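Protein chains: 4
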Amino acid sequence: MDNVPFKGIIAYPVTPFDDNEVVDIPLFKKQVERLVAAGSHGIAPLGSTGVLPYLNDAEKEAIAEATMKQVSGRVPTLVGVSNLTTEKTIYHAQFSEKAGATAVMIIPMSYWKLTDDEIVRHYDAVASKISIPIMAYNNPATGGVDMSPTLLKRLLEIPNVTMIKESTGDIQRMHYLRKELGEEVAFFNGSNPLALAAFTAGAAGWCTAAPNLIPELNIALYEAIQVNNLEKARKLFYQQVDLLKFIVAKGLPRSIKAGLDILGIGGGGFKSPLGPLSDHDIATLETILASVKSEEYQYQ
Amino acid sequence: MDNVPFKGIIAYPVTPFDDNEVVDIPLFKKQVERLVAAGSHGIAPLGSTGVLPYLNDAEKEAIAEATMKQVSGRVPTLVGVSNLTTEKTIYHAQFSEKAGATAVMIIPMSYWKLTDDEIVRHYDAVASKISIPIMAYNNPATGGVDMSPTLLKRLLEIPNVTMIKESTGDIQRMHYLRKELGEEVAFFNGSNPLALAAFTAGAAGWCTAAPNLIPELNIALYEAIQVNNLEKARKLFYQQVDLLKFIVAKGLPRSIKAGLDILGIGGGGFKSPLGPLSDHDIATLETILASVKSEEYQYQ
Amino acid sequence: MDNVPFKGIIAYPVTPFDDNEVVDIPLFKKQVERLVAAGSHGIAPLGSTGVLPYLNDAEKEAIAEATMKQVSGRVPTLVGVSNLTTEKTIYHAQFSEKAGATAVMIIPMSYWKLTDDEIVRHYDAVASKISIPIMAYNNPATGGVDMSPTLLKRLLEIPNVTMIKESTGDIQRMHYLRKELGEEVAFFNGSNPLALAAFTAGAAGWCTAAPNLIPELNIALYEAIQVNNLEKARKLFYQQVDLLKFIVAKGLPRSIKAGLDILGIGGGGFKSPLGPLSDHDIATLETILASVKSEEYQYQ
Amino acid sequence: MDNVPFKGIIAYPVTPFDDNEVVDIPLFKKQVERLVAAGSHGIAPLGSTGVLPYLNDAEKEAIAEATMKQVSGRVPTLVGVSNLTTEKTIYHAQFSEKAGATAVMIIPMSYWKLTDDEIVRHYDAVASKISIPIMAYNNPATGGVDMSPTLLKRLLEIPNVTMIKESTGDIQRMHYLRKELGEEVAFFNGSNPLALAAFTAGAAGWCTAAPNLIPELNIALYEAIQVNNLEKARKLFYQQVDLLKFIVAKGLPRSIKAGLDILGIGGGGFKSPLGPLSDHDIATLETILASVKSEEYQYQ
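Residue numbers (my numbering), protein chains in the order written: chain H, 133 to 432; chain D, 133 to 432; chain U, 133 to 432; chain R, 133 to 432.
Rather than coming from a laboratory, the hints here were simulated on the basis of the structure.
Check before you lean on any hint, since a few could be wrong.
Just so you know, same-sequence chains aren't split out, so a pair can sit in one copy or run between any two.
To be verified - Derived lysine-lysine pairs resembling BS3-like cross-links, with alpha carbons at most 30 Å apart:
no., residue 1, residue 2
1, K245, K161
2, K162, K261
3, K162, K425
4, K220, K245
These numbers were taken from a predicted model, which means no experiment stands behind them.
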């Protein structure tokens, strides 16, 4: 697994806005600092959690630079640069490399369904313009394209496409990837409720927004797997699964920001039309968070 | 049906690019002129067919202005202004109104699934900033949101949301709309292969890219329905259905541009990562076009 | 269209049971008489509506014989003989022919998904043992198999397979059948809410349980299509669509029996585990039936 | 977990037929003997693998009795008794109890979709007539009903419904069951390609036809989980996953019988319309079987 700078828990920060829907950089840095301090193994700004597609160029660049400054080399960084057009994807990938990103993540966003050849040309065009590694991201639910294992194989032939993030939520897909692509290919799980099954299947890491709320539990799950302790991993997973399912069901930006408010850290505001969690859902989240933290099993 | 400036065949032009992926305005105007001259009842630039989400602000504005100039009031115009953020949707809606658009079309684009309240606020915010009517567009396949009839009812309470375009491709959905929203609400069909069934169900119009290739057949189908001649409508529909299915299956921008090339009008190029139809598909399209035009039934 | 003894409204009776879950033949005959007297163009016992798969051999035979006796040649009869095994399908097809059935209907029931070759052999084996025509029935929702147009083409090469009943509820499927199989093939619609669209698309008939409750409206819709009066057909369809949707949503045996009780004819009881409609749903059905019958538009 | 007589690998025999489509009892006994001798923890005749719905009463009874005679109390037996009607389900459940079955398995087979109340009454009626425990089986793909966790909770309130077999193939469903129903409820996995993920999630056993072909690998996987050795379990799983996927994709009766032929044991014939695997698929299965058995990792 050459040129794979990630493993373990890759934490996704949100993008907070102030009351005028302007990005709140000081709050963002505070949130990132907390993710690093908690022991996350990587930081991934401008993902779906960070509402990348809703941001303009200036906002994207401010978030990328703030991440580099705050992380300051303590852990590797993975910056989302996906865009509908190849031209803009290249633009943001080059900006990220210059800003100091360890790697970039690219999902083939699609309004009109792309052919396999178009997707390969897209990755190839971007890859040829940067020298840092690329994580190819498959998430039909948000990206609109479902990349087949055959297509992923073709992408992995591009020298700096070295990692795959799989978010279909289908564990059999991961089994298939592992069998088809071989043990040496690094694949990462992007489906929170699949965390246990994906590590069991051999995932190298877990791309997740959950560390904003329960970093210790996320990291403990990974560590139990590392020491081959399935029973402990299972207990840790069942301790956190209700929260993982809630944040996915309600939308990551909404639920993570509400959770950060509950925890006293501050989640920040939204960019319209996205808005906050309903009062009813906030109350449910409070109950789940309290329950997760009070369960008898201790992860230390 | 107050404030409903459309009926019949609403034609969607493509957005042609030159070899440097720059919008080709002269070719665009030529294509629009042909749609008007053929008898289309309305012109709708910057739709899905016009690859709206792939264009930057300057490109969108150039296309909107070129449309107004070329159509020059001969038929009403419907300009697509959808955007992920409310702020940009308002910006483009206001620009279109100033440029002379008859109405704007808005689909609630969604990367993160919006709640019904968020969608209503989105339309309400845009509607309050313009005075021309709005067509609310439902297309889960491209927009990622499926607006329920209940939600559409709420949208129709906003004074200048006066039209609905439905593209789920489910005819039973149109029956439901008609029963729930009442006969007085104008709904438009956006699913090409559903053209006959939708007119049968009472659709006021058909939003379609097909007039770029077979305007006479599209218009003749509408006219047969208008004179209550089902048998003629059925024959006309079966004459064109293979083409309608082909352009949907292969993607409208790709297949319409290829068809315009075949017809000698010129379709123009693409913006990456979108590319042209494969040679094999072009050959199939040639066969279908030749067959459509040679069938014995004459639509005059 | 040789050897096609059906057109128009083919009415499906229920199978009523007494309190001991024994088939109530006198009530069944009364229900059949009413369907014939109301002007149905054909009678189809032992369909899904008649809970065929829940009956034992003696019950099936009693229902088939009672139908022949009551109909007495006034209209053609279409008897359901589908069974998981080829052996039993042949048995019931031969019994029906001897009892005087005009034709038999066969859906390739499937617990284990059958290959195309297995389905062709199944129809071929049955067809070779009887001399009356066969209607091949496609309904993935109840049968578990979705027969492709290619497969249907193969089935139509068997001499006495002469009719197709299509119940996928997808109007585009009917368009495809018509285009692929040619105008001379008789296809019948088995999806109630698709009645208008299917006749518009050229269906020869409508296989439906609705005549148990609203025979005049069903027949009037067919007649409006026959005289090429789309406007009248549309009005008649919207008058009955709520009822058509209700009976499908709640299950045909349950809702038709409840409707027959409301109309004072008597629907009869059920065979466990199937049971009656809930009180709440019965109240809804009463409201719909009253509304259907009171609407201003008169179908005479 | 009271009254739960199963754990580990519950092996499903096929039902072999001779050339006249008559059940081949001697071959069946030989196949069962092999499953017991190989170390299976339970034997489950008359499942989907055993083509239960295609058998008549006499065939079902012969298979049940032959199983009891051959197994002779060495391991517990689980007999499938599902039927569309409650009356016949009771009949077969009572027969199985008298024949000596340890427990019965019941899926709520459904042609017409059953309500939750109807399903509860169905299980309740059967449970009240027997004294051995019942495994409730959820498999929407073959049974046509998807029982919600809420419904499963209601079923578990019936005293002798003590086990759940889940075959939706969705690992998140198992997480939900475990969280909602509590650790004390015994749930069994019925989806072969989910074997590793289901054991990881805490499944008590694996209901599978695979031991007909690779019993040592199936048992070794279970044992690795028992000793908390995730790494070993993962290796064993990846060694067998291609076979597990193949037998599911091609249909269990077809592929298991072909595999038994390849292994020299003899799979027996089929009941029409079901037929054998194609020559091409048989060749693929030979390759997969050879590869599974030759892989370097040894499971002893």
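Tell me, in ascending order, the numbers of any earlier hints that this structure violates. 2
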